[in-house]
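J.: Now for the letters of each chain:
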Amino acid sequence: MNKSVFLGTLAATTLLAGAALAQGTSTLETVKARGELNCGVNTGLVGFAAPDASGAWQGFDVALCKAVAGAIFGDASKVVYIPTTSSDRFEQLTSGKIDFLIRNTTWTFSRDTDLKMDFVGVNYYDGQGFMVRTDLGVSSAKELNGATICIQTGTTTELNLADYFKANNMTYTAVPIETNAEGEQQYLAGACDAYTTDASGLAATRAAFADPENHVILPEIISKEPLGPAVRHGDSAWGDVIRWTMNALIAAEEFGITSANIDELATSSQNPEVQRLLGTSDNLGAMIGLDPEWAKNAIKAGGNYGEIFAATIGESTPIGLARGLNAQWTQGGLLYTPPFR
Amino acid sequence: MNTSTSTFVRTEMLPQQAPPITESGAVKWLRENLFSSVLNTILTILGIAAVAYLVIHIAPWLSRSVWNANSLSECRQIIAERYGEGVTGACWAVIRERWPQYLFGFYPSHLYWRPVLAFVLLCVAVAPVLFDKLPRKMLWFSLIYPAVGFWLLWGGSVWVPVMALAGFAIGYAAAKIVKPIAGTILATIAAVLAPVLWWLFLAGPAAEALQSILPIALQSVRSREFGGFVLAFTIGFTGIAFSLPLGVMLALGRQSDMFIVNKLSVGFIEFIRGVPLITLLFTASLLLNYFLPPGTDFDIILRVIIMVVLFAAAYIAEVVRGGLAALPRGQYEAADALGLDYWKAQRLIIMPQALKISIPGIVSTFIGLFKDTTLVVFVGLLDPLKGITDAVRASTDWKGIYWEPYIFVGTIFFVFCFAMSRYSMYLEGKLKTDHR
Amino acid sequence: MAVVTEEPKAGFRLGMLIYDTRYRSITIQIVVLFLVMLGAAWLIDNLLRNLAALGRGIDFGFLWNRAGYDINQTLVEYSNDSSHARATLVGLLNTLLIAFLGCIAATILGVIAGVLRLSNNWVIARLMTVYVEIFRNIPLLLWILMIYTVFTEALPAPNAFRGENPAASMVLFDTVAFTNRYTAIPWLVFDRSLGWLQLGPIWLNLDLTAIIVALVGGFLINRAILKRATRIQEATGLRPTTWWQSLLALFGPIIVLKFVLGTHFDYPSLQGFNFTGGLQVSNSLVALWLALTLYTAAFIAEIVRAGINAISRGQSEAAFALGLRPGRTMNLIILPQAMRVIIPPLISQYLNLTKNSSLAIAVGYMDLRGTLGGITLNQTGRGLEAMLLLMLIYLIISLTISGAMNVYNQSVKLKER
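So the sequence lines, in the order shown, correspond to chains C, Y and F.
Per my numbering, the first sequence runs over residues 1 to 341.
Per my numbering, the second sequence runs over residues 1001 to 1436.
Per my numbering, the third sequence runs over residues 2001 to 2417.
Please keep in mind that the hints were generated in silico from the structure rather than gathered at the bench.
Just to be clear, a hint being listed does not mean it is correct.
To be verified - Here are the simulated lysine to any residue pairs, SDA-like style, with alpha carbons at most 25 angstroms apart:
id, chain 1, residue 1, chain 2, residue 2
1, C, Lys97, Y, Glu1225
2, Y, Lys1399, Y, Gly1086
3, Y, Lys1399, C, Ala208
4, C, Lys116, F, Ala2052
5, Y, Lys1432, F, Ile2221
6, C, Lys97, F, Ala2053
7, C, Lys116, F, Gly2055
8, C, Lys32, C, Ala208
9, C, Lys116, F, Ser2312
Model the full assembly from the supplied sequences, consistent with the hints where possible.
T.: Below you can see the structure in the form of structure tokens.
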């Protein structure tokens, strides 16, 4: 009898959680049928993805989730945020629990090929840096020989760190930590001399300190960390949706389309590329299986790339990141979208 | 008599003398209990010193508690103003401000009444199981409580849990119908098979159909929004409720004469007991999907509960096996002599005694299970101990607060686990029938 | 399906498979086996289909790739150029180390606490009750986190030892430094080290091997001497003096070894960011060890108490009647008998401690779960393979411990004749 109770609960909840979907349908169809987007985000990194006191998710990565939901459903709120840890994020994606992963994840060769994921672009160009206390009197990462360094496990950072110290013939002691919160605790207590992670993460962490002026981010950036959204390998149609939603946000900034003037531009703009983007001519949306107004809805969700950046991690926020490499190509940055044609 | 008085014969009794000072009252107690030997004296002094040390270091901190503040820095400022610079104090304001998260996680705040009601009903459902003085009719509520609790916590259509319950009714009906036609054993098979078929194929469409006819539904809440003690209790109590029957079955399997059943049970129990719970939880969160049909996705809390149930069941199986082994052989032989079949013998003779012997072990397994719910943080669920505390500390306001959340969460766990262990002692005392 | 396996007999009917108790158990077993195999086949089929859909197979080849990450505590030689298999070995040894240290300390503390809880000293008995109840009823994870936080928050950073008037100073004649990262203690080094010996994939530290051989050898010789003394005593009634032989056997080899290898102490000193020299025992190890010890000892104390209570009062009364003092009564009469009750649950506590050591991840101690199930899993993305291997290793450890302890249990079991 007891076994049947177990099976019954299982069956009932399987039903509740959404019945099994036939194999072979594309993720886009699945998402549309489900009516919600499952977005894998960080468990809590202020500025990129973190729940606020009321449990609502905020941040730079979260904004892309909203934009994609906007593009698909025309409603940016139809997102389920699934916090992923650095250990389980790839399994969450490959096993289909999340539709795409946007969790400060570095695009690397082995992840793209061996782990059977497809990175569809770069939404933030980052690099690994070090943060130390000002009173340590260290001004360069080259002076960190023999230091104890706090490092988040399960990321590319520990490999970069090992390579960097080896290349510079220096030694260090690693203090592995699981979450950013623990890392801060260890670092602030002085249990490690330096804290290393992506420079953007360092800035976010430092911004949240009570005394940010007593901590300094060292000038060395020891790695390339192109962070971007990833989808499962072999689902190009779904990859296109994410890639071009992101491109639409970037292109919108390039063309000066903001959430304030988008409705006006949609009717009045004479620029043919803006017209194509906003769906007033050439139904581009149909080509990727979305509404004609997909890009318009995506941009309306949180503004263009520049607006999202400014609102979540930009210089006016506590995190205070400069655009740097993440400026438009016209401004000397690396953001360069292929044409909408 | 009165006339013959002698000067040397005492006529009235002397008043009783007080015993020597070392043999009475506080001094005697002290001498016997604290200073009976040199070693004891040293131990006593050491013990008192240890207590004094702890009190001296913790009491001032506790006495300088602040309950009203919006951030840790504000809290420290208040302590500095009130008690002077440089002293430390407890900042309970963090609990005061964040208690909803500690209790409910990110459960929608306008729906807090649902977990609260579920908890109150849980108490009602558990009461008749724990105390046999309560009316036996209440057990009917205990039986339907899992469905009620499920509906209250997760919401959704009322017909899903109702249809799940209907499975049991169908099983009962099937048994009743088949029994006169085909006998007891086929009836048992029917009683198992019919509900399984019902749940797998019919319950879903039936629930949907009823929902479209008579829509009664609560706003549904996702598992990801569960957190804090709601999560701990959901996992803990479901685990307890399901692991006991499964554990008893496994113990019977392990004691069974049937070779295959025995070996399967042994293999299962030894495997589960041989690996840490944390790897099982990882399996639940990462790997279970590899073993299910492609595209299946079922709830993370349910996956965790399944693993916790299996884990606890293996331990309970061992405890119950100990109880079974402790029964004198004569009990089994007596049952056979009475002509009872296997299940009747188990139900009427063996199990009541074996379970009675196993009570302490079973309860400590339950306590362990409840404590182990904190490990779900490693698969990304918001347990009250680390998940919620880390979330609280991630905010700028409460960065750098450690002791208060730990003490708060620890106290709550202590209260519940201690209550469970006391209950087991009460039950043990009540069921004790031998006179030693 | 079961029918074919049965030999047709006179009067055999299908119904007998269910109703005849002679056949019923076989029927049930075959049905159960069939169902289990069906379930297993279903799971494996799903697994294969899922892997095929993802375009990957089960492949343990990743173990021989370069690991690329560093580990802060390594008992065997390891660098980021070593393979993932090597990292797994490092993690395994760290797990075994913490389990070994924890089991020993927990046993000692648990026995003391259990005995003291029964003491007639009111203060001590109450204190031990409070200790046991508090540790048993609060999750282990909380103790690990709390003790670790005590270490990181209360102890000074190495920086505090710097300067003319340092905020912190070393203790024990400037030889030991407690910092919030590690405890730096003096450590023995050998002037004429024997170096390493490579046996296939295993590197053997010859110094350590020599010490172990010397210790174990001395112990065995001592036992032989004592046995001989006992034999002589039983034969002649006179026990030869053995204390100097014992001393020589126990300490002789070690002293010889000391002079052969030439030892001196290496003292820690602050250089740069950290202390160098000596041995640095990381706080994550100490905190984890303390937490596991205190937690498990609370359970062991209860087991010991139950074991002692299980011995009938007549035993201690008899001992008192013989004129034995309470201490000797406990050592000679009660504990040896109580051991038989104590050992089986003690084995499960050892197993629990070993398995609980996987919570090391909470304090960044790189055990098996931290290397194989942590960084290796993340870096290679081979979740399925890493988890299977992790479970297998834990299973082997558990079965080995319980097997070894069961053998011991058999040897101390009451031999009823």
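J.: Does each hint hold? Answer for all of them.
T.: Here is what the structure says about each hint:
no. : hint                  : result
1   : C:Lys97 / Y:Glu1225   : 16 angstroms, holds
2   : Y:Lys1399 / Y:Gly1086 : 19 angstroms, holds
3   : Y:Lys1399 / C:Ala208  : 8 angstroms, holds
4   : C:Lys116 / F:Ala2052  : 12 angstroms, holds
5   : Y:Lys1432 / F:Ile2221 : 52 angstroms, violated
6   : C:Lys97 / F:Ala2053   : 15 angstroms, holds
7   : C:Lys116 / F:Gly2055  : 8 angstroms, holds
8   : C:Lys32 / C:Ala208    : 38 angstroms, violated
9   : C:Lys116 / F:Ser2312  : 66 angstroms, violated
Against the hints set out earlier in the document, violations occur for numbers 5, 8 and 9.
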